[in-house]
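A.B. asks: Residues per chain, in single letters:
Protein chains: 4
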Amino acid sequence: MSDLLWPGDHRAGSLLSDVSVLDALVRVETAWLEALVAAGVAPPAARGDLATLVSGDDLAEVAVGAEAGGNPVIPLVELLRARAGGPHPETAAWLHRGLTSQDVLDSALMMACRPAVLRVQEELRQQVGRLSRLAAEHRSTPMVGRTLTQHAVPTTFGLKVSTWLSGVLDAHDALTAVALPVQVGGAAGTLAAVVELAGSTADPLRTTRDLTAAFARAVGLAEAAPWHTTRTPVTRLGDAATSCTDAWGHLARDVLLLTRPEIGELGVADGGGSSTMPGKQNPTAAVLVRRASLAAPHLAATLHVAAADSVDERSDGAWHTEWATLRTLLRRTVVAAEQTSALLQHLRVHPDSMAARLEAAGGVRSEQRAMADLRGVEPTGDYLGAAAALVDTVLDRADRALGRAGR
Amino acid sequence: MSDLLWPGDHRAGSLLSDVSVLDALVRVETAWLEALVAAGVAPPAARGDLATLVSGDDLAEVAVGAEAGGNPVIPLVELLRARAGGPHPETAAWLHRGLTSQDVLDSALMMACRPAVLRVQEELRQQVGRLSRLAAEHRSTPMVGRTLTQHAVPTTFGLKVSTWLSGVLDAHDALTAVALPVQVGGAAGTLAAVVELAGSTADPLRTTRDLTAAFARAVGLAEAAPWHTTRTPVTRLGDAATSCTDAWGHLARDVLLLTRPEIGELGVADGGGSSTMPGKQNPTAAVLVRRASLAAPHLAATLHVAAADSVDERSDGAWHTEWATLRTLLRRTVVAAEQTSALLQHLRVHPDSMAARLEAAGGVRSEQRAMADLRGVEPTGDYLGAAAALVDTVLDRADRALGRAGR
Amino acid sequence: MSDLLWPGDHRAGSLLSDVSVLDALVRVETAWLEALVAAGVAPPAARGDLATLVSGDDLAEVAVGAEAGGNPVIPLVELLRARAGGPHPETAAWLHRGLTSQDVLDSALMMACRPAVLRVQEELRQQVGRLSRLAAEHRSTPMVGRTLTQHAVPTTFGLKVSTWLSGVLDAHDALTAVALPVQVGGAAGTLAAVVELAGSTADPLRTTRDLTAAFARAVGLAEAAPWHTTRTPVTRLGDAATSCTDAWGHLARDVLLLTRPEIGELGVADGGGSSTMPGKQNPTAAVLVRRASLAAPHLAATLHVAAADSVDERSDGAWHTEWATLRTLLRRTVVAAEQTSALLQHLRVHPDSMAARLEAAGGVRSEQRAMADLRGVEPTGDYLGAAAALVDTVLDRADRALGRAGR
Amino acid sequence: MSDLLWPGDHRAGSLLSDVSVLDALVRVETAWLEALVAAGVAPPAARGDLATLVSGDDLAEVAVGAEAGGNPVIPLVELLRARAGGPHPETAAWLHRGLTSQDVLDSALMMACRPAVLRVQEELRQQVGRLSRLAAEHRSTPMVGRTLTQHAVPTTFGLKVSTWLSGVLDAHDALTAVALPVQVGGAAGTLAAVVELAGSTADPLRTTRDLTAAFARAVGLAEAAPWHTTRTPVTRLGDAATSCTDAWGHLARDVLLLTRPEIGELGVADGGGSSTMPGKQNPTAAVLVRRASLAAPHLAATLHVAAADSVDERSDGAWHTEWATLRTLLRRTVVAAEQTSALLQHLRVHPDSMAARLEAAGGVRSEQRAMADLRGVEPTGDYLGAAAALVDTVLDRADRALGRAGR
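Chains as they are written, first to last, in the numbering used here: chain X, 1 to 407; chain P, 1 to 407; chain W, 1 to 407; chain S, 1 to 407.
These are computed hints drawn from the structure, not numbers from a lab.
Don't be surprised by glycine CBs; every beta carbon is placed ideally from N, CA and C.
A couple of the hints might just be wrong.
Now the in silico label distances, taken between C-beta atoms and shown as ranges [unchecked claim]:
hint, chain 1, residue 1, chain 2, residue 2, range
1, P, A82, X, G264, 56 to 62 Å
2, P, Q345, X, G220, 42 to 48 Å
3, S, E137, W, A177, 55 to 61 Å
Between the sequences and the hints, there should be enough to build the whole structure, so can you do that?
C.D. replies: Okay, here's the thing in structure tokens:
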């Protein structure tokens with residue numbers, strides 16, 4: 001999968017693609033059917049591997065059929081029933097029983113989000129490692145500090161890297177705190193259909209509880225009360241994704257500045273080319289990462305507006321707004337994650353340029369002189385204050401995040 | 001083309017699809033090459049129909065290749081040069097000369113937007129017609145007015161329809177005012193390369209002017225000064241699209257309310273089904289239209305944030321944010337346009353229910369009594385005020401918009 | 001009026017302040033009462049200058065009282081009636097008759113927006129003048145072009161200014177196209193109360209029409225059909241304001257880059273200071289303008305989300321979202337307008353630095369060589385292409401916008 | 001404090017008002033000065049209660065003065081120095097030493113946010129209590145479930161309440177997880193000035209560490225590494241506030257629907273009035289809560305866009321965008337918190353109407369029949385499934401959140 005208008009999209013591969021979502025929808029229906037049988041609610045003959053019944057070739061039919069009822073589960077269930085029907089009438093009769101469309105779609109979306117979240121977490125961990133090494137290496141590399149675009153007092157490149165690292169660690173925290181819950185509630189969130197079907201068992205309520213727990217395990221999602229109209233799992237995921245793009249956007253904007261030829265404190269080893277000037281080396285990865293950071297907040301805000309617009313036992317449009325928005329947000333987050341990692345990999349640090357800019361900067365020691373005057377002493381030293389200690393603090397946090405022994 | 005997670009997306013067909021955009025990119029390069037030759041800048045042997053050199057099969061390669069330089073034009077031009085190279089060295093040598101990637105991409109995007117805009121305009125015009133008929137038909141159909149969810153004084157369904165119609169007319173105005181400009185500026189917006197190439201002609205500047213004008217005509221776009229970093233064409237298009245979804249969202253929210261079973265003043269003839277309750281008739285089209293209206297403002301805002309972040313002669317991420325955002329916004333607008341038209345087509349008005357609700361509503365005449373008291377007279381009449389005249393005012397505007405003689 | 005957390009807010013003075021809005025509310029009620037009397041609907045004794053009845057001292061009471069009914073018009077009308085009551089019973093009896101809260105609030109907001117819009121337009125015009133002079137002056141001042149942060153081919157500072165100017169002209173166009181309509185519809189938008197009251201006249205409908213027209217003239221707003229739930233006037237105003245901040249944000253981001261000490265192609269004569277480094281000269285005005293451009297798109301998007309959420313004859317929250325959002329957006333636009341003008345006034349251009357950077361930039365002539373090679377000639381000239389001519393095109397547009405004879 | 005255009009704003013009182021922020025700024029400077037003295041860095045004579053030096057009367061001067069340098073700390077420090085100067089030269093000499101404007105402003109904003117956060121948390125806890133009682137009371141009150149606006153299978157009002165409660169608990173979790181950190185970094189985040197000043201002590205780095213820790217305790221904020229350009233504390237607070245308005249918006253939208261006269265399953269005891277129809281009872285609190293939920297996501301998104309735009313050691317506009325945005329977001333959250341509590345207090349449940357609507361709803365048992373058919377039995381019971389058990393699950397979570405023994 002690729003997207004001509006979002007360069008790098010291929011990095012997200014089939015994550016949350018239509019095919020992946022279709023696959024997840026079928027896996028949800030299969031796992032549920034299996035749970036019904038295992039719980040003794042449906043007969044063993046109902047068992048069936050639904051994955052053999054549909055394929056990517058059915059995508060267009062299901063997608064087009066989704067419009068009439070407003071979601072793709074309705075035509076998919078029809079298709080599955082029709083295809084299972086002849087040879088496996090029990091499968092056709094029992095599949096989807098007890099569920100509502102939203103159960104299937106929400107669960108499948110969470111399933112499809114899971115590998116995307118894991119991929120981003122893995123990238124974040126690698127970035128924590130890379131940034132930690134970079135901060136440690138440049139713990140004492142002096143450079144000019146800049147505030148409101150102008151030269152201020154000196155700082156170190158290590159400290160700057162540690163501000164990027166703090167953001168990446170914050171993003172890692174946020175993403176780690178995200179739970180991906182299963183959705184099982186039935187038509188109005190009461191589980192009435194499951195309980196009714198479980199009427200043949202000794203304790204229908206207990207059977208229902210065990211069945212839904214088994215189903216959650218089977219699809220690899222967290223157990224949860226129905227959240228048909230309480231959309232925190234979606235907004236929290238969206239906010240966490242945005243905390244990632246915030247951190248990367250910050251980093252990218254610094255890189256885009258420091259690789260400018262007039263500054264040249266950083267370089268990119270694999271600068272992208274130009275259609276007209278072959279020798280030009282553009283910090284393309286940083287450009288593309290910054291791009292994502294400009295778009296993500298709006299997608300997350302869409303999820304919040306939808307969450308707040310929840311109504312009834314299933315919303316009248318707000319729910320439908322989420323699906324494609326969440327997919328776009330997560331795919332872009334995955335792409336930006338990899339592009340940030342690539343950017344870091346190809347980043348070159350030019351301490352000489354940093355030293356030269358610091359040397360050339362006028363007045364960066366004026367504050368130091370004022371402080372020394374206050375004490376009635378002469379200014380001495382490099383005026384880097386606690387920079388190295390502050391770097392260490394962030395490195396310690398990074399070590400803990402990576403589960404390493406403290407330094 | 002379809003999208004499993006945005007039901008109805010197939011209605012937008014191939015509009016702004018990757019294939020369409022690739023095709024537009026190639027058409028831009030072809031038209032430019034032709035203009036170079038026609039202007040006597042490039043030799044006749046440079047002429048070539050580039051469309052035969054690439055196809056949808058090349059999409060993945062171009063898309064993946066787009067990441068290195070940050071946009072798809074760079075790998076596309078390489079591909080075109082490589083393929084033209086052997087048999088048509090002059091074509092290979094001259095294609096893209098004078099242009100920069102952004103010229104090609106911006107022009108191609110505007111070209112790809114054009115049929116989408118035309119489609120939406122056509123739908124808007126049909127809606128104006130349908131809503132005009134509906135408003136005229138129900139010019140005097142009384143119903144209870146509702147404010148802050150509670151019953152207020154009476155109104156007419158025709159007047160309510162006229163408020164929808166006003167929004168649709170506003171959207172039509174906004175979309176009609178949108179210009180889709182060509183982009184030709186060269187590497188830094190100075191047209192330096194074209195002027196340099198035109199050095200062989202008598203008046204290079206004049207040649208350049210004529211050439212770019214001919215190019216604009218060839219690709220069907222408006223002439224414009226380079227707008228590499230002045231992104232009003234994009235934001236204006238985004239705002240106009242959002243004015244469409246605003247109008248439809250308003251209409252859809254009213255329909256979603258009035259088709260509720262407890263109110264039943266409107267009905268939908270083709271209500272969508274349910275995966276668990278076959279007899280259920282959902283106002284699916286309205287649900288899907290409302291969905292679009294919740295998402296569009298955020299996409300338009302993304303375009304504004306990008307516009308304001310313009311810098312240098314080509315921006316460092318803001319430009320790249322626009323492409324996929326604009327595509328998504330326009331495709332959703334097309335889909336919502338058709339779904340709104342379908343919704344209107346299947347809308348059923350139940351004047352009896354309207355009358356019954358009005359009858360049942362308590363206190364809707366209290367204001368009338370207060371007004372009559374003020375005059376010292378007895379209240380008479382249906383208390384519909386100027387409702388019919390207000391409908392007529394909007395119908396007149398609709399007639400003008402459709403270019404019809406006034407009523 | 002000032003805002004500690006939005007430096008420069010005092011520039012907007014009392015525009016759209018609570019006092020101004022209260023004043024506008026009272027002026028609306030006064031104008032309406034006068035119109036009722038003038039039309040022969042209310043008796044002459046009803047006439048009254050309501051402005052003498054309330055003052056800024058009543059603000060808190062009205063503001064607190066606004067919560068019960070959800071808007072400030074309800075407590076204001078109560079207050080006016082109570083105060084007018086004794087001496088002027090006819091005034092008390094007739095004021096507000098025929099109107100609904102939304103008529104008064106929407107009309108008053110449009111009235112309060114008007115001087116803000118005019119102020120911004122005036123600033124835009126001054127900026128057009130200033131930018132035109134700057135572009136003309138530097139029509140041939142060469143500087144290095146930059147794309148994706150890296151050096152590209154040469155351009156001129158005049159051409160860069162003309163891209164800012166184009167954005168400012170676009171904003172001027174957008175703001176000029178905005179109409180500020182009056183709102184008169186009565187409780188459900190039917191004008192029923194007015195028509196009922198006008199029952200004493202020969203032709204109540206005609207009386208109503210004349211009365212509302214006279215009212216519109218009196219409050220200085222455009223006539224319009226009721227737009228209680230068709231919120232285009234608000235979204236269009238919001239979009240136009242955002243087109244302003246887009247243009248200024250673009251300009252400010254360029255200034256923030258070019259005034260960096262490592263580049264130094266521009267300077268600011270009145271750079272702001274620092275709390276710790278007295279000698280530091282920050283491009284504060286540009287910082288504050290950029291600030292506004294990051295915030296405005298989200299406020300405009302809020303207006304769109306609200307517009308799309310319209311329902312019934314008065315919305316259940318969407319309408320209420322607009323008021324403070326629109327006020328904040330417009331005040332910030334006024335502040336940014338003045339700060340942009342101040343920024344332009346203090347901008348210093350350093351052609352020597354521009355020349356030096358261009359000289360130092362490697363490879364900026366590589367494209368020129370490639371073009372010359374294609375023609376089989378030697379590259380000559382400054383490779384500025386049509387830069388000067390493109391500047392002239394924008395200057396011509398500016399002249400037309402200012403109503404000046406073409407150059 | 002009140003806001004004519006955001007009814008209910010007075011509920012937030014002076015929280016985050018200009019006066020409160022000014023007070024917090026002064027308390028930050030005072031606490032810092034005290035910490036300098038206590039650490040033995042500044043002489044005892046430097047001690048001074050700065051709060052006596054400025055008052056609300058100075059607000060306009062500070063606010064206007066804030067524009068030149070871009071933030072209010074610069075003029076405030078000047079003012080404090082000037083006023084302390086004569087009688088307390090040591091105070092004037094030492095105050096603000098070691099800090100940068102951003103340290104003071106960020107710390108003061110976090111201080112000013114704290115009581116707002118605590119207030120919202122308290123309201124959330126009360127809502128948890130009230131909703132728990134409501135859910136328990138109506139654990140078995142049947143009503144018709146509604147999906148996509150149409151009648152679905154039965155549910156209970158208790159279960160609906162538990163979906164609101166889940167959202168409120170999620171919001172409480174989010175807000176509880178928010179840390180409000182102190183900001184101390186000095187001009188470029190290195191703490192260089194403090195370390196320089198602490199040069200007179202035995203171990204300047206340790207002194208600095210102790211001093212900043214003491215300062216954090218004094219202002220009641222969490223210790224933290226400098227976060228000048230890593231803005232997670234701000235975005236996380238914004239996201240948490242939005243999770244609150246999401247939860248309340250959901251609740252309000254349900255209330256706005258169910259109090260419609262045609263449905264009447266809920267009522268509001270203190271319905272707001274109308275300026276024209278005195279007897280009208282509007283669910284005003286719900287309207288105003290919904291209003292906040294439409295606006296908040298955009299404000300939170302603004303904070304994310306700003307966070308991602310961080311650059312250098314202090315950003316060039318992004319930082320400045322946050323202050324007023326965060327204030328507005330938090331004040332609106334406080335107001336919506338109280339309005340939601342008020343709404344819940346005045347909510348009236350009409351089980352008879354719920355029963356009547358359920359009775360009248362056609363086909364709500366069709367799914368039950370289908371399930372029973374599948375099992376080959378007759379449908380029995382109320383088809384409420386696990387509704388009561390699901391309510392209990394949420395009530396248990398609520399008990400834990402309130403620190404109560406489980407039920």
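A.B. asks: Each hint needs a verdict: does it hold in this structure or not?
C.D. replies: Hint-by-hint comparison with the structure:
no., hint, verdict
1, P:A82 to X:G264: 56 to 62 Å, "violated (34 Å)"
2, P:Q345 to X:G220: 42 to 48 Å, "holds (44 Å)"
3, S:E137 to W:A177: 55 to 61 Å, "holds (56 Å)"
Checked against the numbered hints given earlier, the structure breaks only hint 1 and satisfies all the rest.
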